[in-house]
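J.: In case you want the letters, here they are:
Protein chains: 2
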Amino acid sequence: MSETVDDRIEVDYRISAGDPEEVAHAIRVEQTIEFPFDLAPEWIQQQVVGRIESATAQDVTISYDQGVAGGGITQLLNVLWGNVSLFPGVRITDLRLPDSYLRGFRGPRFGIPGLRRLLDTPTGPLICTAVKPMGTSSADLGRMAATIAAAGFHIIKDDHGLADQPWARWTERVRVIAEHIDEANAQAGTNALYMPSLNVPADRIHDAAHEAKSVGARALLVLPGVSGFDAMRTLADDDSLALPIMAHPSFLGSNVVNPEQGLDHGVLFGTLMRLAGADISIFPNYGGRFSFSPEECLRIKTECQAPMGNIETSWPSPGGGMTLDRLTELTDFYGQDVALLVGGALHRGDLSANATAMVTTVEALSNR
Amino acid sequence: MSETVDDRIEVDYRISAGDPEEVAHAIRVEQTIEFPFDLAPEWIQQQVVGRIESATAQDVTISYDQGVAGGGITQLLNVLWGNVSLFPGVRITDLRLPDSYLRGFRGPRFGIPGLRRLLDTPTGPLICTAVKPMGTSSADLGRMAATIAAAGFHIIKDDHGLADQPWARWTERVRVIAEHIDEANAQAGTNALYMPSLNVPADRIHDAAHEAKSVGARALLVLPGVSGFDAMRTLADDDSLALPIMAHPSFLGSNVVNPEQGLDHGVLFGTLMRLAGADISIFPNYGGRFSFSPEECLRIKTECQAPMGNIETSWPSPGGGMTLDRLTELTDFYGQDVALLVGGALHRGDLSANATAMVTTVEALSNR
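Chains as they are written, first to last, in the numbering used here: chain U, 1 to 368; chain L, 1 to 368.
With the rest of the complex left out, here is chain U:
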């Protein structure tokens, strides 16, 4: 996200259905006054309705007065992708938020430098995994987590689909896994953060976060596509929690995977995740079980780390079917500031040996 030239919010759209000029006019009205343009008072036409800043063929830039987005992330999401999300053939390709607007947000509490300090890891990728599969008992998940912690992983998260299933209830599971990781850290001299999934009802999410912290969890996994971006922001902003937050892309895919419609990968998984306080942003890496291209993954990395006023950086976290033999390639591709997420592949063969191999490999890749 490059700097904006003045204090307006700037959105770049690519319009591939209909007449771009007409659609651009429709967007600047739809995303603001949602009212017949000719019936609006002149000052509203000029100040409240979006302004077309440039238009070349399919690419249009519209700027919005900051006041239009008054009310925080919920209204910003509404201005960016509220009704226009219902337009076929419109895609947001970039977003520039002015520094004066960004000052209204805290962003990631830790980001890249903060997590490096917390984990005492000045260089190199973060080493992350998830405990799974669903169906496994809390005790077995705990033992699995202990093995991984002892191998020296930085972050052990719940699989995001672990909610409150009968096979491992949320409260029991979080306590048991936290205890196992604590114990393993103490015995092995390691420092793994346990990150339970806050895939819980909306009226439970804050209590669940505090409960997780009270039993020893030292980080949180949030699903902003399910729980809401601003719910994640409130967790990130909570000084009595003060825990790192990893964002999972669940339910967000349709916003990015259709090339002519939706939001740019970097805007959604970079800019908006940072604005909403994600210290780490998970996305499916190219060449895994999903469909993102290397270019799309690079957009995410770029927006996770580009200058953004007072807003801290985030760690891009490529996952989704990653394997141990790709660690070097991924570190070459993303650089040192990447949170490498290997899940199921750690379980093919001996978990302890695989986990140790991953730690050894990644440590050898660190620029020290």
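Treat each hint with caution, since some may be false.
Since the list gives no way to pick out one identical chain from another, each pair is judged satisfied if it fits inside one copy or across any two copies.
Here are the simulated SDA-like pairs of lysine to any residue, each with C-alpha atoms no more than 25 Å apart in a straight line [said to hold, decoys possible]:
| no. | residue 1 | residue 2 |
| --- | --- | --- |
| 1 | K213 | T234 |
| 2 | K213 | R143 |
| 3 | K213 | D203 |
| 4 | K213 | A188 |
| 5 | K213 | T121 |
| 6 | K213 | N191 |
| 7 | K213 | D239 |
| 8 | K213 | R116 |
| 9 | K213 | E179 |
| 10 | K213 | D120 |
| 11 | K213 | S240 |
| 12 | K213 | R117 |
| 13 | K213 | G114 |
| 14 | K213 | L118 |
These aren't lab readings, by the way, just hints derived from the structure by calculation.
Using the hints, position chain L against chain U.
T.: Chain L only, in chain U's frame:
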């Protein structure tokens, strides 16, 4: 949503990219254990992983054990459209939730019969509008609302983009509009419900709902695509509020508008809105400013009103550029149980005359 044959959750997918059999297997694993299938214990392969119930060419039905969706709407959304939302060429075409699962949810508090009782309107469409445009002062929005209330509208909502803009702050606006509508109702003997937009920060939404009620708002507008479906459910379930809820489709469009990817219109704007407590579900009508087809709109109406265990019906509310000359057509198309939403068109010419004309027209369309 037709009845399921047993107690499993059934999801129909249309697969238009890749080999349907391979993709179906990937989905049943991805949406549950997210783990190499061959490494999972046999009982997990059989009970936790989704089960392919039928497959004909591109159309596949997968069923899931209810336990997989344990934890409420957040985990149900995750099972339905979590990681698979990142698959190109997959669309959910239908969803069947068993009665035993539905009993865990309250659904709409009012629905069609409840709103008819509350509004003392035994037959005919509901007559709804929004006050706007953004930029208008609270006092002017209040006067506009009073004019519309006096004409006999059932529901007057905030435009969903009215958040906390400098031109009309949330707290002031809600109080002023509520007062104007109250006064107009008292003078004209009408019964309009004011419905402020809860497009507010996540940590404010419950307080804002109660504040709105305390100053006289008698219904609530929620944006589940922005605030989260389960946040809407918590508002619907709040016995100390006990207010009708209208859901707005903001930010949800990319989930439906790409024909080969996403969620069926009826599943998203019918089934899921009902499950999350929406008494009224707004969507863009065919032939307006947006792109839905008559068939897609009919799917929404159908799923708003189909039998669904203990879950009450919802009002389909077609909007998005509707005009007074379409009221007869829309009532013919949707039937009597429809919430007709006309916005900007009321303001072309004399607002009071247009509002009265709409009430007169719709009342003449009522089966009495």
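J.: Now, for every hint given, state plainly whether the structure supports it.
T.: Cross-check of the supplied hints:
| no. | hint | result |
| --- | --- | --- |
| 1 | K213 to T234 | both (16 Å within a copy, 24 Å between copies) |
| 2 | K213 to R143 | within (20 Å within a copy, 50 Å between copies) |
| 3 | K213 to D203 | both (17 Å within a copy, 19 Å between copies) |
| 4 | K213 to A188 | within (22 Å within a copy, 56 Å between copies) |
| 5 | K213 to T121 | within (22 Å within a copy, 51 Å between copies) |
| 6 | K213 to N191 | within (16 Å within a copy, 49 Å between copies) |
| 7 | K213 to D239 | within (12 Å within a copy, 30 Å between copies) |
| 8 | K213 to R116 | within (20 Å within a copy, 47 Å between copies) |
| 9 | K213 to E179 | within (12 Å within a copy, 45 Å between copies) |
| 10 | K213 to D120 | within (20 Å within a copy, 50 Å between copies) |
| 11 | K213 to S240 | within (10 Å within a copy, 30 Å between copies) |
| 12 | K213 to R117 | within (19 Å within a copy, 47 Å between copies) |
| 13 | K213 to G114 | within (18 Å within a copy, 42 Å between copies) |
| 14 | K213 to L118 | within (16 Å within a copy, 45 Å between copies) |
The structure fails none of the hints (numbered hints given earlier).
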